[in-house]
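Asker: Spelled out from the first residue to the last, the chains are:
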Amino acid sequence: MKIRIEEMNGIRTLALAGRFDASATGGFKDTFKGLLQEGSANYVVDLQKVDYIDSGGLGSLVSALRQTRSVDGDIRISGLSGKVRSVFELTRLHRIFEIFDDELQAVKSYRTN
Amino acid sequence: MRILELSFIPTLDNAQSATIAVRQIVETLMKTVKVAGSERMDKFLSEIELATGEACVNSVKHGPEQGMDKIQISVVFKEKYSNFIVTVSDGNERYEFSDREPDFDALPESGYGIYIIRNLMDKVSYQREKGRNLVIMEKEIKQGEQ
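So the sequence lines, in the order shown, correspond to chains A and B. Numbering-wise, the first sequence is residues 372 to 484 according to the numbering used here. Numbering-wise, the second sequence is residues 227 to 372 according to the numbering used here.
Don't take each hint at face value.
To be verified - Derived DSSO-like pairs (lysine-lysine); straight-line CA-CA distance at most 30 Å:
(1) B:K269 <-> A:K373
(2) A:K454 <-> A:K479
(3) B:K269 <-> B:K349
(4) A:K479 <-> A:K373
(5) A:K420 <-> B:K365
(6) B:K287 <-> A:K400
(7) A:K454 <-> B:K269
(8) B:K287 <-> A:K454
(9) B:K269 <-> A:K400
(10) B:K269 <-> B:K368
(11) B:K365 <-> A:K454
None of these hints come from the bench; they were simulated from the model.
With the rest of the complex left out, here is chain B (with noise of 0.2 Å):
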């Protein structure tokens, strides 16, 4: 298992650079297990960098303007199970992780984010631990990506 961290002051811009960052420590740590790469390999890093994205601009968007903890991201790869855990946490008052699907029909001008996450990870869930939000999200390299 491998375990890597990373951590941001809350902006739009520094959360762009870690949506980056964590797909590129993605796609290096597939590489050490010898993943091919392929249109589908793409597929799976773009679905967790959408998702890590949107999960980071959440945590910005929660908090305060100024003074807010850190965001912090792990990454973790169960080599094992093919499996990647991507969890972002942040310090700001608990919010409601909604489950609800946006009322397409309405035509929302928000509301996507939390719905785009539930739909490209394979297991979502949120946990509020010692005073922080956590989003945690798996994603299994399926036999077809390999």
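The shape of chain A in the complex, shown without the other chains (with noise of 0.2 Å):
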């Protein structure tokens, strides 16, 4: 799985791209720590490019999920494909995590709370 990481309006986004399963949840776990180090807070992961997503993609999006809101920070997550979707709605976390259509809107979902 590859990660591009960018800066959005002072948002950090998470844009990842292939299969996001237990083989790829160290890779992203190693970025969100560097991430976290750094001092960022709020973030949106895209999911846009991801066309398989496992319990263990899940379980590494709420352990990050967890880690940001012990700093008072979110994730949110955009583009989720009917595949993905279904998954994080089978396991609930749509409840769990603000979604959005796409990056963008995720991103100015920060300006507007």
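Taking the hints as your guide, dock the two standalone chains into a single complex.
Answerer: Dropping the structure here:
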């Protein structure tokens, strides 16, 4: 899985591409840990180019969310395909994460809070 | 009835490759009986792929770091019933194949895997046989999917 990190309006965005499965969670967690250490608290994780997510991928997103919430931050999700959305719904994580159609909307949502 | 088998050395990378292979096997078997492709068919394949992936990752994670037996997968296709049976087996110690839902309110970081398998497949069972764990998952191609 590839991870592209950008900053938009002061919000860090992580655009993931490929399969977000158990073999990819180590890379995601290491990347995220590095960003947290830099002091960022609010993130957007864009899954538009993720075509497969399993419980390992979901678990690492939940882990990241717990870490950001402990510093009063948040993770917002964007770009879910039908396939990935159905896994979020099955595991009820669509009620936990705020989900947006695209990255830009997710970034803008921080300004309206 | 058609039966295909594959086995792999238990690593997460191999589990990923095996999962993709099972999807391709199921897709190929469906083509041989002239099942038309559709969005529903993609959903069917994706659900088998994810359930198989979860079972494979479970087997890798329950095993010791070195020296574990290969993980084996068999795919059985019963044309007569339009039914697939995917069995993932490993030589690990017995483990609990829970039928409890995760405590969603507690926002757990793990424990979704078996819940996902049970919800995506029509019938799921766990057996201990000849020192191996067997996760047996069945899924039928429903009328609307053909």
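Asker: Are the hints correct? Go through all of them and say.
Answerer: Consistency of the hints with the structure:
1. Of the supplied pair hints, the one linking K269 of chain B and K373 of chain A holds, its CA atoms being roughly 24 Å apart against a limit of 30 Å.
2. Proximity of K454 of chain A to K479 of chain A is assessed by CA-CA distance (about 25 Å); at most 30 Å being required, the pair is judged to hold.
3. Of the pairs offered as hints, the one joining K269 of chain B and K349 of chain B holds, with about 17 Å between alpha carbons and a cut-off of 30 Å not exceeded.
4. Between K479 of chain A and K373 of chain A, the direct Cα distance comes to roughly 24 Å. Compliance with the 30 Å bound is thereby established for this hinted pair.
5. Only pairs whose Cα atoms come within 30 Å are accepted, and K420 of chain A paired with K365 of chain B is accepted, the gap being roughly 28 Å.
6. Simply put, K287 of chain B and K400 of chain A have alpha-carbon atoms about 18 Å apart, close enough for the 30 Å limit, and the pair holds.
7. At most 30 Å may separate the alpha-carbon atoms for a hinted pair to count; K454 of chain A and K269 of chain B meet this at roughly 7 Å.
8. At most 30 Å may separate the alpha-carbon atoms for a hinted pair to count; K287 of chain B and K454 of chain A meet this at roughly 25 Å.
9. Our distance criterion of 30 Å between C-alpha atoms is met by K269 of chain B and K400 of chain A, whose separation comes to about 29 Å.
10. With a C-alpha separation of about 12 Å, the suggested pairing of K269 of chain B with K368 of chain B holds against the 30 Å cut-off.
11. Under the criterion of a C-alpha separation no larger than 30 Å, the hint pairing K365 of chain B with K454 of chain A is consistent with the structure, at around 18 Å.
The earlier numbered hints are all upheld by this structure, with none contradicted.
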